[in-house]
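The primary structure of each chain is shown beneath.
Protein chains: 2
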Amino acid sequence: MKLSRLFTKTSKSTVGESKAKSHELLVQAGYINQEMAGAYSLLPLGDRVLKKIENIIREEMDAIDSQEIIMPAIHPQSNWEKTGRWDSVDILFKVPSRWGDTKYALAPTHEEIVFPLVKRFLFSYKDLPISVYQIQNKFRDEKRAKSGIIRGREFGMKDMYSFHETKEDLSEYYERAKEAYLKVFKRCKIDAKVTIASGGDFTKKHSHEFMAISEAGEDIIIACDSCTYAENTEVSELKNGSACPECGKKMREAKAIEIGNIFDLGDKFGKDFQMEYNDREGGKRIPFSGCYGIGTTRLIGTIVEISNDEKGIIWPEEVSPFDVHLIALNSDKEKVKDFAEKTYNQLSSANISVLYDDREDVGGGFKFKDADLIGITRQVIVSEKLLEKNMVEHKKRGEEEAKIEPIEELVKKIK
Amino acid sequence: MKLSRLFTKTSKSTVGESKAKSHELLVQAGYINQEMAGAYSLLPLGDRVLKKIENIIREEMDAIDSQEIIMPAIHPQSNWEKTGRWDSVDILFKVPSRWGDTKYALAPTHEEIVFPLVKRFLFSYKDLPISVYQIQNKFRDEKRAKSGIIRGREFGMKDMYSFHETKEDLSEYYERAKEAYLKVFKRCKIDAKVTIASGGDFTKKHSHEFMAISEAGEDIIIACDSCTYAENTEVSELKNGSACPECGKKMREAKAIEIGNIFDLGDKFGKDFQMEYNDREGGKRIPFSGCYGIGTTRLIGTIVEISNDEKGIIWPEEVSPFDVHLIALNSDKEKVKDFAEKTYNQLSSANISVLYDDREDVGGGFKFKDADLIGITRQVIVSEKLLEKNMVEHKKRGEEEAKIEPIEELVKKIK
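These protein sequences, in sequence, are chains G and X. Read in order, the letters of the first sequence correspond to residues 0 to 414 in numbering that gives the first Met the number 0. Read in order, the letters of the second sequence correspond to residues 0 to 414 in numbering that gives the first Met the number 0.
One thing to keep in mind: the hints can contain errors.
[To be verified] Partner residues are not named here, just some residues of chain X that face chain G (Cβ under 10 angstroms, in silico): (1) 46; (2) 70; (3) 113; (4) 115; (5) 119; (6) 136; (7) 143; (8) 151; (9) 153; (10) 155; (11) 225; (12) 226; (13) 227; (14) 231; (15) 285; (16) 413.
[What the hints assert, rightly or not] Per label pair, the in silico range of CB-to-CB distance: (17) G:388 with X:246: 56 to 62 angstroms; (18) X:18 with G:279: 39 to 45 angstroms; (19) X:242 with G:93: 43 to 49 angstroms; (20) X:18 with G:281: 37 to 43 angstroms.
Since the hints were derived computationally from the structure, they do not count as laboratory data. In this text, a Cβ means the ideal position worked out from N, Cα and C, and glycines have one as well.
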């Protein structure tokens, strides 16, 4: 894509209430726009990052045999009454209709839909296990929403639900999901810690939270330096410097952002919706279930909190909005422009996505500043000098070292 | 994907209130589930069809230089008051919050967000034209919602908004959008007619509706047999048998489903949001705007209304949930199973998506019935007999003719 065509512009000021560093950078670089406290638009660059994150999640959920679906965001009140959550979930938006007294729930989670839905297809133990997930916006009536995209009233989420014949089968799947989650975070270059947590609103059962250590976090955890073990300081008896129960290494206290959570739901919702199936013994049973969430838009904010410097964002390769930020210096000169266009086409036709700064009325200094702020993983520079050698300059964002090399070399490296 | 793993099942009965043929087929084949009147889940097969439709739309909108973004579904009340639509749009869901007296609008359309958003980046005539679109769920507080997925309280939509320096530039873009829309529908194998319409709630200006002729339609149009020209009978003076004003051919009355619409908004919303930019003469101006919608989930229902027979759905190739439905006959026999698996792997590794009916406890008759109901474009059959010849049988859904050919032939044909 040519930068001259991108309708967003970088800016020095930040619109919006949040003081979070990620919010500042994402607004200034043109990734997001705050429409009101807790509600954001994702602009073309932000939309591209979100789609990359969603695809990573899709790949990892498909790999643990989950099936993608999409459920509605408005739910009948009666389903929420069946689970007892119409009155107990305080962040629930309740939407009145002009037609009658019943209201709709605007969904913060989807047990109330997915259990009756899966029930329709669950007849026998032979149908189990079943795992389904969706990627969709969720809604929470939050009092304050001031951490930028990290805590929204509306936010993107992947939620997955699994159904099992036995507790053991659920436990096994729960562990597979945990591993899949760690893979997702690793691909986003987040060193996630896993805390045992109480379930809050949703369950009294066993649950785990995935935490990214960051000063912007709202939780305080005590985490191991060398493995993923952590505990929330609210419930932990471990102290700064304690030995990790898992591996014996040192634990440290740190602020952290919750980026995912998984819950053992037992048979709670199965019972609420009388989700009976024919078991092996000729009787009727209720399945055991788990639910598994990852905040997708929150992940964008978290990655930026973790990966930035004084100049701007530094995107990890797998979630960078483009593979390459191409900068043409002296692009007002015809031959440089031709060389830049050629480079742009060569990269594009090798299936490498490029944001090409083709602006003719902007100096090199500004182009570099914008590229550093936007934070695309690789920066490629073409100039009059380089053109003479038929070479391009190639540099990774956040690294000092630059390489002068032929474009073919670069293509090979990225592929 | 192996059919034995798919959590949905085909069924003979239809759950839900709608009498629409598309609703019946989509429910029976396991594409959708009704969660309440007007709110549907898309199951794995339905989700795949939706994604294909969305990608067709994406390609055609990108081709007319529009940029994808995502805006929130909850909007501040104040923005809707600025446009005067808080009280005038009767289908608007108004969501109260626990925190204060202000409400949120649950969006049926996005002018109230996109105008202030684009304003942030619009400084000069040099920034124009701008076109942005999103693909997202919309909400309407409908009294009745009984046409299945064709009229939902929550439904998928692509909405696009464009901003221009002059009326002429808007007109030109409006025509490009119209052509792009016709391309989308053509790729979905819908012979869309274009009616001139009044804008309804949204605008008093010029607008066009895209109509698919179908008995399930709620509108009656008088349409040309041989071009896209049509008029709505509510406003038309043309009669059955009249000559088409465009091409002189015969016009016929027919029921039709509205699948898209485009509006010339003039400067209405630009004025509402004081969207001023610096013009060529050193003065201030408001841009001219258009808005352009396609119902994505409605398109699923429309395609099925148009393309089915007594056995089930017949998907057009570009929106078929899988490229191939692979049926193994006598798959309880080890060598047939091996041959089927080999065929499955061969197709998959050629990047051809396959739904493989690997069920061992289901007879051939049932497998054919399910394949016809599900309606994937190509059916490929392997059996003991075919295995001896190292051939597969290949048939297009809805066509009689079947071909016996080597798998390599088939791969070539599909690619």
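Evaluated hints:
no., hint, in the structure
1, 46, "holds, 5 angstroms"
2, 70, "holds, 5 angstroms"
3, 113, "holds, 8 angstroms"
4, 115, "holds, 8 angstroms"
5, 119, "holds, 6 angstroms"
6, 136, "holds, 6 angstroms"
7, 143, "holds, 9 angstroms"
8, 151, "holds, 8 angstroms"
9, 153, "holds, 5 angstroms"
10, 155, "holds, 8 angstroms"
11, 225, "violated, 38 angstroms"
12, 226, "violated, 34 angstroms"
13, 227, "violated, 30 angstroms"
14, 231, "violated, 26 angstroms"
15, 285, "violated, 17 angstroms"
16, 413, "violated, 22 angstroms"
17, G:388 with X:246: 56 to 62 angstroms, "holds, 60 angstroms"
18, X:18 with G:279: 39 to 45 angstroms, "holds, 40 angstroms"
19, X:242 with G:93: 43 to 49 angstroms, "violated, 56 angstroms"
20, X:18 with G:281: 37 to 43 angstroms, "holds, 39 angstroms"
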